[in-house]
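Residue numbers (our numbering), protein chains in the order written: chain L, 1 to 719; chain R, 1001 to 1211; chain Z, 2001 to 2250.
Derived from the structure by calculation, the hints contain no laboratory data.
There are no misleading hints in this set.
List of simulated lysine-lysine pairs, DSS-like, C-alpha gap at most 30 Å:
hint, chain 1, residue 1, chain 2, residue 2
1, L, Lys-28, L, Lys-11
2, Z, Lys-2120, R, Lys-1002
3, Z, Lys-2093, R, Lys-1070
4, Z, Lys-2120, Z, Lys-2093
5, R, Lys-1002, Z, Lys-2093
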Amino acid sequence: MAEVRCPMCSKPNPEEAEVCGICGARLKPLIIDQPPQEQPPDKSEERRPEQGVEQEEGLDWLGRIRAEAESEAPKEEIEPEETADEAVSPDWLGRLREVDTTEDEGPPDGEVPDWLSAFSEDVGEVGEPEAAEPGWLERIREIKATKAAEGEEEAEPVDDWLARLREEQELIPEDLGADEIIPEELPLPAETLAEEEVEEHVISPIEPMDLSLEPSEIAPSEAMADKEAPPEPRDILPDLTEAAPPVTPSEVELPSEVVGEAEEAAERVDEFETPIEDELPHVPALILDEGEETIGEQPSGIDLDSIELPGWLSELRETAPPEEVPAEDTSLDLAPATLPSWLEAMRPIATFRSAVEIESVDEQVVESAGPLAGLQGVLMAEPVVAMPRAATVGAARLEVTERQYAQAELLHRMVEEEERERPAAAAHRPRVPYLRWAIGFLLVIAVALPTILSFRVGEGFPLPSYMPRDLESLFKLVEGISLERPVLAVFDYTPGYAGELNAVAGPLLEHIMLRGLRVVTVSTRPTGPLLAEGLLSRVGVNGEGYVHLGYLSGGPIAVQLFAAAPRETISRGFLLPGDMESQSGWQSPILEGVSQLSDFGLVVVITAGTDSARTWVEQAYPWRGETPLVMVLSVGTEPMIRPYYEALEPQVDGILTGLPAAVNYEQYLGRSGNAIARWNAFGTGMLTIELILLAGVIYGAALWLLRPRAVETRSERDG
Amino acid sequence: MKVRANLVLAATAVGSGIFVLLGYFIDHEVILTLRLILMRWSVLLAAVALFLGLFNLLTVHWSKVSEQEKGWPYSAVLILAFLVTLILGLWFGPDNQTLLMLFNYIQLPVEASLMALLTISLTVAGFRLVSRRRDPFSLIFVVVVMLVLLGTGPWLVASDSDAYILLGQLRNWVAQVWASGGARGILLGVALGAILTGLRVLLAVDRPYGD
Amino acid sequence: MLGSIDIVGLLVLLLFLGLLLGFAAVGRNWPAVFRPVPGFEELGTAIERAVEAGERVHLSLGTGSVIGSDSAPALAGLAMLSRVAAVTTMSDKPVVVTAGDGAMAMLAQETLRSAYQRAKASERYRPTSGRMLGPTPFSYVASLPILIATEDVSVHILAGSFGAEGALAADFGERQQAFVIAGTDDAQSQALLYATAEYPMIGEEIFAGGAYLNVGPLHRASLRAQDAVRMLIVALILIGTVLHALGVSL
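Isolated chain L, as found in the complex (with noise of 0.2 Å):
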């Protein structure tokens, strides 16, 4: 059930409600001005929506009769005085004078407005359906039809009545005060009267009440709030009019035309309390505070009985239902099904005070703070507004959505796991590299294979018949070094590199050392010496015809000074001679006569990085003199040192590339050696690698292929 807030202490409330109930505030605003039939419809109205149809034929036959008495007497309209005050009369007041005087239906019973039903003890039952044409009515047509039949005219009741006013208000004290809460004007029926009895009539303006303050402000609202009330005949007029003892309603008989206005006088007159209810008649008011009277109850010091009311009147009060106040609404005095929905608007607030009370002057407060202090006579302040309060725990509550509450949970975890000491992770599992696994198998039996089985020359891969031309050039090269001149092998490669370059340097050493040609080693690395001792205890003879210098530490700094100044460079050698033991390698009669680079009859630089390859072609150039360099390469480092021998002035002399370049050497030199014997491992290695880059790009085109298809074919079948 839909719910609304209210906006003082901001409790829910029921949607129907117009009062909140837990601080009384105003749930529907007050529409003054608004027209009666332009107002939202009351849901109040709707639930009693019997009572409303029976408030209206209430005050329609208040007009009807009305007009029945003004059709018969000469219409004396009177204009009424174009004030403030009259512009925010009820509008209800001139519909009442337009009633359809063809409607036949009386008020209806038990509708009596709380105030009416103190005058009465039989105030009829609320929500009593239509009751049956009280006796009061047809005593009104009766006096009609006599007058009619008499001929009378229309000011003769009104005479008669008047009359009795103006002899009552000379028993009015002198002493009334601007704080009688008197209307400032009263809507007499001005057809009926001259203006200047309008104006005699006109009760002494009230200070400091006005009419013109919005209904809010007035608290007995509920007079006001339905306009379609049964305006229950009172005479308001002699309750003003004079301090006597009030009449009772049966002694008072008031014409129809001035019913309206005594209902409205008295309506008025109710929404202010009388304090000086020894001077004026008491009019209790509308809402009272705790431990008054209710209006039910006869107020103190009035005698109902001895206020004068038309018999009609008086007849209502007996028949009328006993007063049957709602046990859920017992701080209101008026039954709220009684009202209509823009009289209901101006019930007050139960923090307001329940009347408007004008004090004295001796009895007013100064206030003392705000902007009005010093001031007397101000209207006390909305409690709400003037007095500071703590706020409700309505007010601070936060309206939270579902979706926020949601997100702060959210968040609340998250922090929560952020403390939460989590297990260690399990350790990721390495997923199996079955491809690797596959082609390492195949390549290792790829090159296994050949060797188990022992092929010997010529079977298996056959042996390359084309000689290049630089191998001729090489062998050419090699077989003219004059003998006398040791030969300078640096080995500057890395043990990883030794099965290539070993078997590709193989045969060209194995040449030189055919020769007779002695062999001194150097290397710019640690395990340069090593290899170089592996290599040559091979392929020489008997091990004898070499000799290491050792390890040249510095990088090309250190073949830069090797070339400029060899003995100075290296000191020491490495695995020499047991008699050369103490000494230095330079010492041995192989490097006699030896000094500098250029005292060497053949420089070969074996290795398989290019940069060592380039370091010993510059940086050796310019101390080389006419020895010719020869690189022993690994083939991937060929591109790169191809143009220092192929160009113009080539700075390198000689190149051997790769296994089958040293393969094409020992057949040149008519000896099968390491080189011939990896041959077959060697072509059954390169067939497998290629059928495997073959499948390779066959799997990857087919990829390509085949995906793009998959692809469209699903956008194909979901578009």
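The hints should help you fit chains R and Z onto chain L, whose structure is shown.
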């Protein structure tokens, strides 16, 4: 104080570099002598740095073993092998048969195996190249690789055929012309980069020795 | 007495110096625009991901030594290291740098120390963050799998002088499903890295790492100077080729 020390370091580095560089362009005795001295000092410092690097290596692995970090057994084996080799080398000398045996039967096979592992890794990479990187250059790369392999290795059949000879010549043409030219271009670019990198060090823009 | 002077060499040196300083001077008003290199573009994201995931970045300076031509790519790698270290300083697992040379490892330590000092986090610096894995290339590479596995490496940067072992190093990173970007100065090794690394740096792209990673304005200026001289060399080669074809001998 710290700024002054940094300035001294920078000045030393810059001055040394300038003298060595000028020694390549200006043939003056003082400059050449100074250059030679500085270069020899750099060789000595490189050797000392090698020693410090080995000390750093030991420190890292020792801390792993002492703190029982992940993979500490490998660190323990490394420290053990290091110490054994060091002791043997100091005891017997670097050109001893014992060390030769260690080299020939441990280091040489291990490094040769790593090279074989490289072969397998390159083969696997070549197999996946086209499927992983579907661009024309990858396809050209693999095609050229196969061409060189076919032109370099022996054929099981028809090794005397004209096709084999033609393929061999094609392989030589690709390797000695296209690959060589491309490598030369790369070398030029690398040389330019190396020059500018060296100049940044000489201008103390890059201070790898510390700010 | 002043001996012979290599005027041409000095002029070339001055040309390089002038271009470097000139491009640095106009760099603010004439900002450099470089072609996109996929490896460098992805590197930032990969490092961020590694930092957020609590994984480590590994930078390898190669197996070259400080003295010699193979020190140039390692110096370029040190420039990249200064930038990478600045990003990973506050990470749970800061960058670890390895080298195959003792002197290079020491330079790496100093670069790391400077980076931590700049980040006001000197107390987080550990000397073991820069280490030498092995004195020889293959012994260096043999230690890499253990390092990658134990240090939870997810970004594998190879920026230095590598031989064939560089392909093996890249392959180890690929096996661990790490982000691998590799570059070296050797053309042969670059061919191997092209096949094995996820993001290979071909040619002299390794020397452009400082400019792409915004190490400093002079790095961008040096890259522009490289491009300018390269254009000059291309022009000279073309002119020489045409002249030689026309029979004009120089």
